[in-house]
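Chemist: Top line first, the protein sequences correspond to chains A and B.
Residues 1 to 171 (my numbering) are what the first sequence spells out, left to right.
Residues 1 to 171 (my numbering) are what the second sequence spells out, left to right.
By construction, these hints were calculated from the structure, which means they are not laboratory data.
Be aware that one or more of the hints could be misleading.
Heads up, the list lumps identical chains together, so a pair's fine if it works in one copy or across two of them.
Unchecked claim - As a list, the in silico EDC-like pairs of lysine to aspartate or glutamate whose alpha-carbon atoms are at most 16 Å apart:
#	residue 1	residue 2
1	K163	E142
2	K26	E142
3	K108	D42
4	K108	D49
5	K19	E107
6	K26	E2
7	K104	D49
On a predicted model such as this, the values are computed, not experimentally measured, just so you know.
There are 2 protein chains.
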Amino acid sequence: MEGFKFEEEEFLACCGSTKFAKEMAKASPFSSLHDAVTAARDIWFNNVDVTGWLQAFSAHPQIGNPPSSSSHSTFAQWSKGEQSTALATATSSSLQELSQWNTKYREKFGFIFLICASGKSTDEILAELKKRYPNRPIVEFEIAAKEEMKVTELRLEKLFSTKENVPSTGS
Amino acid sequence: MEGFKFEEEEFLACCGSTKFAKEMAKASPFSSLHDAVTAARDIWFNNVDVTGWLQAFSAHPQIGNPPSSSSHSTFAQWSKGEQSTALATATSSSLQELSQWNTKYREKFGFIFLICASGKSTDEILAELKKRYPNRPIVEFEIAAKEEMKVTELRLEKLFSTKENVPSTGS
Numbered sequence: 001m002e003g004f005k006f007e008e009e010e011f012l013a014c015c016g017s018t019k020f021a022k023e024m025a026k027a028s029p030f031s032s033l034h035d036a037v038t039a040a041r042d043i044w045f046n047n048v049d050v051t052g053w054l055q056a057f058s059a060h061p062q063i064g065n066p067p068s069s070s071s072h073s074t075f076a077q078w079s080k081g082e083q084s085t086a087l088a089t090a091t092s093s094s095l096q097e098l099s100q101w102n103t104k105y106r107e108k109f110g111f112i113f114l115i116c117a118s119g120k121s122t123d124e125i126l127a128e129l130k131k132r133y134p135n136r137p138i139v140e141f142e143i144a145a146k147e148e149m150k151v152t153e154l155r156l157e158k159l160f161s162t163k164e165n166v167p168s169t170g171s
Numbered sequence: 001m002e003g004f005k006f007e008e009e010e011f012l013a014c015c016g017s018t019k020f021a022k023e024m025a026k027a028s029p030f031s032s033l034h035d036a037v038t039a040a041r042d043i044w045f046n047n048v049d050v051t052g053w054l055q056a057f058s059a060h061p062q063i064g065n066p067p068s069s070s071s072h073s074t075f076a077q078w079s080k081g082e083q084s085t086a087l088a089t090a091t092s093s094s095l096q097e098l099s100q101w102n103t104k105y106r107e108k109f110g111f112i113f114l115i116c117a118s119g120k121s122t123d124e125i126l127a128e129l130k131k132r133y134p135n136r137p138i139v140e141f142e143i144a145a146k147e148e149m150k151v152t153e154l155r156l157e158k159l160f161s162t163k164e165n166v167p168s169t170g171s
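Could you build the full structure based on these sequences and the hints that come with them?
Modeler: The following block contains the structure:
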């Protein structure tokens with residue numbers, strides 16, 4: 001079958017669950033980005049277990065604390081890009097408040113605050129964190145998983161865009 | 001305050017989450033079993049995080065495989081009592097089928113199949129396992145947490161019944 005073929009490692013840069021990456025690699029090649037996103041949603045919500053969700057969450061840097069410039073992994077570089085609006089709109093006091101709320105959140109829920117940050121200002125992210133904080137742990141767990149999928153979809157789009165520039169050798 | 005006072009370790013025999021046991025000990029003494037159950041539900045569903053839920057699940061023996069008679073902990077003894085109907089109604093073929101489905105379940109969900117087994121036959125437990133198996137992991141996770149709370153409530157009742165036999169020294 002012709003199509004877009006990727007390695008397990010490339011899917012791991014989209015979502016840090018090893019089960020997700022393995023199953024995506026097994027399901028590829030995909031005929032289009034749309035097909036890959038459909039498969040990703042199915043694998044993430046129906047096949048990856050709760051431990052796999054926690055594993056994927058733990059791969060993210062804390063919001064407002066992007067990876068250092070010495071981190072050259074694709075995952076780290078993408079995290080940095082996704083937080084660029086937040087960082088451009090941050091003041092030292094808003095970053096400090098965000099850091100305090102991140103700590104509070106992690107103490108309550110046991111995992112990092114996850115949000116699809118692309119295009120969001122620091123104030124918007126902080127408002128969302130405060131709004132989600134009172135949630136029950138199981139409710140917040142599922143919201144975080146949906147945010148993880150939003151991030152994953154954006155990253156799959158980036159992954160596909162790198163392949164589209166490469167002329168196909170198959171035809 | 002007069003009332004029913006228990007230690008952290010006693011609550012740990014009711015539910016294997018250390019956070020649950022700590023918070024219950026902090027919330028005691030309780031004026032009645034009803035008050036203790038209300039506190040337990042609030043702590044379990046609102047304060048214990050998802051990692052705490054997984055910790056509590058992992059304290060249980062596999063259903064159909066009660067702890068050996070050499071296990072003398074209160075937790076193990078209670079587990080055995082809760083499975084007595086299941087064991088009395090079991091045949092070697094139903095136990096084998098249950099064991100196969102337990103393995104299948106654990107492979108899909110990453111935790112043990114949890115059910116409040118009191119009064120349930122092996123066939124009823126097996127039918128419930130098969131019915132729950134197709135669930136999405138997050139759905140099944142919440143069902144398991146509700147079953148854990150049912151078990152915890154029965155055990156709190158046992159815990160209170162041991163205290164009721166002791167004459168109060170406070171009056």
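Chemist: Please go over all the hints and tell whether each is borne out by the structure.
Modeler: Each hint, compared with the structure:
no. : hint          : verdict
1   : K163 <-> E142 : neither (32 Å within a copy, 40 Å between copies)
2   : K26 <-> E142  : neither (25 Å within a copy, 29 Å between copies)
3   : K108 <-> D42  : between (29 Å within a copy, 14 Å between copies)
4   : K108 <-> D49  : between (21 Å within a copy, 7 Å between copies)
5   : K19 <-> E107  : between (27 Å within a copy, 12 Å between copies)
6   : K26 <-> E2    : within (15 Å within a copy, 62 Å between copies)
7   : K104 <-> D49  : between (26 Å within a copy, 13 Å between copies)
Of the numbered hints given earlier, the model fails hints 1 and 2; all others are met.
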